[in-house]
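**Q** Chain by chain, the residues run as shown.
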Amino acid sequence: MQPAPGTVVRLLRLAGFPILRQLQLEEALLRATQHNWFVMNDGTPQPAIVLGVSGKPHQLVHLEAAAAHGVALIRRFTGGGTVVVDRDTLFTSLIMQHQSLPGVEPYPRPVMRYTEELYGTVFGPHGPFRLRENDYCFGDVKFGGNAQAITKDRWLHHTSLLWDFQEPRMALLKQPDRQPDYRQDRDHLEFVVRLKDRLPCRATLADQLCGGLEAAGFRLQESSLAEAEEALVANKLCGTRQLDWAQVLAEERQRQQQEQQQQEQHLSAATAGASQV
Amino acid sequence: MRQFRLAQTGEGIKECELVQWFVQEGDEVEEFGRVCEVQSDKATIEISSPYAGVVRKLHHKPGDVVQVGDVLADIHTGGDEEAPAAAASSGAAAAAGGHAPRQAGGAAAPSFAAAGVQYSSSGDEQAWEGKVLTSPAVRHLAKQYGINLSQVPATGPGGRVLKGDVLAYIEGMGGAATAGAAGASGVGGPSAAAAEQAAAAAAPSAAAAGEESMEPVVVQLRGYRKAMVRHMTASAAIPHFHFCEEAAGLALRDWPFLNASLSADQGSVACHRHVNIGVAMATPHGLVVPNIKHVQSKTVLEIAAELVRLQDAAAANHLSQADISGGTFTISNIGTIGGTYATPLVNPPEVAIMAVGRVQRLPRFAEDGFTVVPSSIMSMSLGADHRVVDGAALAGFASTWRQYVESPGRLLLHLR
Numbered sequence: 001m002q003p004a005p006g007t008v009v010r011l012l013r014l015a016g017f018p019i020l021r022q023l024q025l026e027e028a029l030l031r032a033t034q035h036n037w038f039v040m041n042d043g044t045p046q047p048a049i050v051l052g053v054s055g056k057p058h059q060l061v062h063l064e065a066a067a068a069h070g071v072a073l074i075r076r077f078t079g080g081g082t083v084v085v086d087r088d089t090l091f092t093s094l095i096m097q098h099q100s101l102p103g104v105e106p107y108p109r110p111v112m113r114y115t116e117e118l119y120g121t122v123f124g125p126h127g128p129f130r131l132r133e134n135d136y137c138f139g140d141v142k143f144g145g146n147a148q149a150i151t152k153d154r155w156l157h158h159t160s161l162l163w164d165f166q167e168p169r170m171a172l173l174k175q176p177d178r179q180p181d182y183r184q185d186r187d188h189l190e191f192v193v194r195l196k197d198r199l200p201c202r203a204t205l206a207d208q209l210c211g212g213l214e215a216a217g218f219r220l221q222e223s224s225l226a227e228a229e230e231a232l233v234a235n236k237l238c239g240t241r242q243l244d245w246a247q248v249l250a251e252e253r254q255r256q257q258q259e260q261q262q263q264e265q266h267l268s269a270a271t272a273g274a275s276q277v
Numbered sequence: 001m002r003q004f005r006l007a008q009t010g011e012g013i014k015e016c017e018l019v020q021w022f023v024q025e026g027d028e029v030e031e032f033g034r035v036c037e038v039q040s041d042k043a044t045i046e047i048s049s050p051y052a053g054v055v056r057k058l059h060h061k062p063g064d065v066v067q068v069g070d071v072l073a074d075i076h077t078g079g080d081e082e083a084p085a086a087a088a089s090s091g092a093a094a095a096a097g098g099h100a101p102r103q104a105g106g107a108a109a110p111s112f113a114a115a116g117v118q119y120s121s122s123g124d125e126q127a128w129e130g131k132v133l134t135s136p137a138v139r140h141l142a143k144q145y146g147i148n149l150s151q152v153p154a155t156g157p158g159g160r161v162l163k164g165d166v167l168a169y170i171e172g173m174g175g176a177a178t179a180g181a182a183g184a185s186g187v188g189g190p191s192a193a194a195a196e197q198a199a200a201a202a203a204p205s206a207a208a209a210g211e212e213s214m215e216p217v218v219v220q221l222r223g224y225r226k227a228m229v230r231h232m233t234a235s236a237a238i239p240h241f242h243f244c245e246e247a248a249g250l251a252l253r254d255w256p257f258l259n260a261s262l263s264a265d266q267g268s269v270a271c272h273r274h275v276n277i278g279v280a281m282a283t284p285h286g287l288v289v290p291n292i293k294h295v296q297s298k299t300v301l302e303i304a305a306e307l308v309r310l311q312d313a314a315a316a317n318h319l320s321q322a323d324i325s326g327g328t329f330t331i332s333n334i335g336t337i338g339g340t341y342a343t344p345l346v347n348p349p350e351v352a353i354m355a356v357g358r359v360q361r362l363p364r365f366a367e368d369g370f371t372v373v374p375s376s377i378m379s380m381s382l383g384a385d386h387r388v389v390d391g392a393a394l395a396g397f398a399s400t401w402r403q404y405v406e407s408p409g410r411l412l413l414h415l416r
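Chains A and B, in that order, give the protein sequences.
For the first sequence, the positions run 1 to 277 when the working numbering is used.
For the second sequence, the positions run 1 to 416 when the working numbering is used.
For reference, chain B alone in the conformation it holds in the complex (with noise of 0.2 Å):
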């Protein structure tokens, strides 16, 4: 059984007036669904529930004046592991004092800017008892992603799980997650629990020093990553993205920090010889980025070759371990989503990223300064690891790298 207390509702407000429920003792209720309304500073502020469950007693009715912190209404929860917020978030979140503490580590709800759960210091939220402390919205993040929240290091107060430690584990799992399917076992993975275990003692330290995991970790795809890596499979198929990659190896040699990996004890950088540039690709068994080997060294063609016969062998389940280890640098195309920018984000042990989004058709002036032409533009986007890159080099990489795109003529000049 949860309490579900009042948050406080804005800046200084210590109490508001019930307005309405919304729900009716009995009456199931969904995570972040409306409950009340209630009124101060002449606004009818909307409540939502931090649980999903059934209402098992409603403490106030309309007309009643109730205390911030107060106990609006019970909820069953039908005893979930994870011990969710101990305070109602209000249908707005919630703000302590004259500023939004931006609480939990920004245990933002994905739809907000400016969101944030308050949590009281009620006697609910020491109950947690080897459950796991975090807030509603770090807690469906996790379920997005098929997250077991036990497993995430927590670096909140109190040993609360933050929005961060969700997304740093994701990345960490990413950067571990190879497939199964290749090198020892040839016919499938580990388990799937198996895989996790492994993703979760590996990625706190990947992520975190970058170091390379020798051991191949099988991560089952969730929602929008599995269509994610489906588009970004398409990519291989689309000429330009080719040249993309032929000017990043040759970028990458003027900006070589770009194309490193930090030691382990983060003493030095190793600054890799050759551009080993990663795509990734969906296989029956997982994620997978494959590299191309040498880019630097190698024609627009064979190129080309090389990311159909790294398609072929991850369909067949046939990609060696050479082919998936190595990357020094992540080239990842948005575009065949229709996606024209995106943050991306650095996939260990590399220490930089790059998207290209969708190629537009825009208007843009001519040299004279007078006459509006069509252009053909392309957003791109780079994500650095900042402790080995700095955004000096990254907008070199990318001013090289520009040049290379625009002007092939000059690329072929620098090809060896």
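For reference, chain A alone in the conformation it holds in the complex (with noise of 0.2 Å):
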């Protein structure tokens, strides 16, 4: 699965860039642009969770807790689950037109195939690395998430790969309903590993990732911030966008008043029918 000798892919370097504005960059690149672009960002200055596209706050994360320590709410473009990023929390994210690759297809679990061998040049190393169920791990513990978006011509992999984290804020994410089958119920806490734990330096993780993507066949070029925000000005469609705590709350003690009145009116009819036996 290799492209074509010569073929370019720009990278984008950051660092401590806010991860609200990294995924609507993304979105950007990957919508209205038609190169391939691979792009880091090591660390967001303040602590987020990230919620995919369709993930509903109330199931995911303990919502009063959560606007009470600050953490902002973001709904990104991709599908996929809930992570907690912040200052430790280390980012890539691989866009590529399909003519770029193709013996890769453009499906979910293709791309996924591919990035695992990708990523494996860089992890291997240090342990028994594997994409599982959609989670980068090492063993059974998950180190990194990944989500997609695939459009006609393009598709996008990227990941929150956890240098470190805190464990208060880890515990603001409630269990999923969906879980990977490897997780077999575990706690956050008990399956996720830090990078720092089983990798020797954070800073060379960056350039072994770039040399990664070298060793993969691709010819690196550098890009600056500006010339990859010209993206934001052309895209007409933005999916990322930071949730109002005070709506989702708002929201969410109305859901809360529905579902109790629901459950009453079905226990007046049920006692209401056992009366008539």
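Simulated from the structure, these hints should not be mistaken for lab results.
Possibly wrong hints are sitting among the right ones.
Said to hold, decoys possible - Pairwise CB distance ranges, derived in the manner of DEER restraints:
(1) A:P128 <-> B:V65: 43 to 49 Å
(2) A:T121 <-> B:K61: 40 to 46 Å
(3) B:S150 <-> A:E259: 41 to 47 Å
(4) B:V65 <-> A:Q263: 23 to 29 Å
(5) A:G127 <-> B:T340: 45 to 51 Å
(6) A:M170 <-> B:Y341: 53 to 59 Å
(7) A:R132 <-> B:T340: 43 to 49 Å
(8) B:A366 <-> A:C201: 41 to 47 Å
(9) A:P128 <-> B:E30: 45 to 51 Å
(10) A:Q166 <-> B:E30: 45 to 51 Å
(11) A:R132 <-> B:L362: 46 to 52 Å
(12) A:R87 <-> B:L362: 48 to 54 Å
Stated by the list, open to error - Stretch by stretch, here's where chain B covers chain A in the computed footprint (C-beta under 8 Å, at least three residues):
(13) 77 to 91
(14) 122 to 128
(15) 148 to 157
Stated by the list, open to error - If you only want the chain A side, here are some residues facing chain B, beta carbon under 10 Å, derived:
(16) A32
(17) P106
(18) Y107
(19) P108
(20) R109
(21) N134
(22) V141
(23) V233
(24) A234
(25) L237
Virtual Cβ for every residue (Gly too), placed ideally from N, Cα, C.
Join the two chains into one complex using the hints; note that each chain is given alone, in its own frame.
**A** What follows is the structure, given as structure tokens:
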């Protein structure tokens, strides 16, 4: 699955770039450019909870606690699960024109098989690296998640890699209803692992990720943030946005009231039915 | 009214969540236009429409879980003759089960390497009653070339017209197509419709059996082919092209099976005594491929003079039947449009064709193995009918031709 010789991937290296802006930028690069991109961001300055495109906040997040912690709530344009991110999260995003990798069929699993091989060259030396049911793992503990977007001619695969994390923030996430099998109902803290406990050097990791792309046969071309941000102007479709806590909490209260009313109605109907028997 | 169904979006995926619509009821949508986005396997996937038309009804709302095969929307297509694929193609085309099926004989959108269209077994696909069963990508291809799909012999399952069927039909038309202006009528050719009928009738047998067609057929040019012919005409003015022709004439003497035709019964191969090399030219009445007779016996200057004569005759509509028939080999010069490499397609009843690209100035090592020197490099590619020509013969011909081109002195030595 090698690209044609000389296939260019534009490299954008960021550090401490806000995750909301990064996701909006990635979406624009996917939808409004024809180039291949590899975006890396070393940490986001403020902690945030990032939901997938259709994730329901009340099912995935302890809302009151998260709001009290002052953690931003962001909805991204790709599918998948919920992550807590902060200064110690590394982000990578690979954006590819289908034609650049004709051996990789533009569907979720073939793309993930490709990225598993790609990232395997970086993480493999440090443990039993695998992509298990959408999570990047050493053995059966997860150090990163991923999600994707596939359009007519292009695909995007982005990750959040846990160099380190704060346990109280991780605890803001609920156990999701849909879990990968290998998680085996473990609590978040039991099935994630910190990359800093497995890899020797954070700064080197970014270089190694770029090296992995070159080893995969791509020609990397450094790009600037200004060049990349031109896509933001051209992009008309933006699914990434920050959710307003006041609105989210108000909607949650309304939802709980409706649920309670429905339960009371069912109960009275059941009681009335029983008394007639 | 067409029902637009959700195709499979990946291996083993049976359902997706609808994330958002990009259209509303009443909106116009283009063929391959973005219609909605779904989510599965942690991926958002764009779904594009196989039809052009107006959206009449959206069957789901964002958040709904849609099963593969369910109707997503109804699209009014305005009563076009050709039945499109019954299932929607995903934004990245579709795969069935664990493998991409390359359905409909590779009915792939030209821009994709991994393209195909999933056909569900819905009832819509059956209701085609005399309309052509094919895919949106193949319909698009046919439209580009102005091909009437009902005239293309179908080899796909259930009488489906495949992409290969359309390409074979186009090649067959090209082999049978000559200037209608020449010969009998002298003024114009048959009407476009009659020409298409004749081409359609002649093409399958001509393409399949390599027999020579006797009747000239005018084929209206479309799109890039028209542009291509204009550029190829310009190639006649380029001096090195004449050397290429001369070299080809000599090399074909050594490799007679490349200068041959397959008999109608496919029982024998006629290796022609003379090398008559065709060069494509544009005329007001369509594509012509006049050929220079007996190239192996002509000097470079004689070849150049003959090309000029043929060009003038073509422009003045005075090509004779003899000028446009009897070709035994074709050379295509793509270098005039800046091309460096091409995959030429054989011009039946010939069995081989050559394309030459632009001469490029590229760095190469000198014989000492260390010094980098500027070198003039030209790519050459060959196509052949594998019923007559094998790879070894092609390689041998290429090597012989190359020696003649690289060493003009040798070329002079071998001239008769």
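**Q** Could you work out which of the previously given hints the structure breaks and list their numbers from low to high?
**A** 1, 3, 14, 16, 22, 23 and 24
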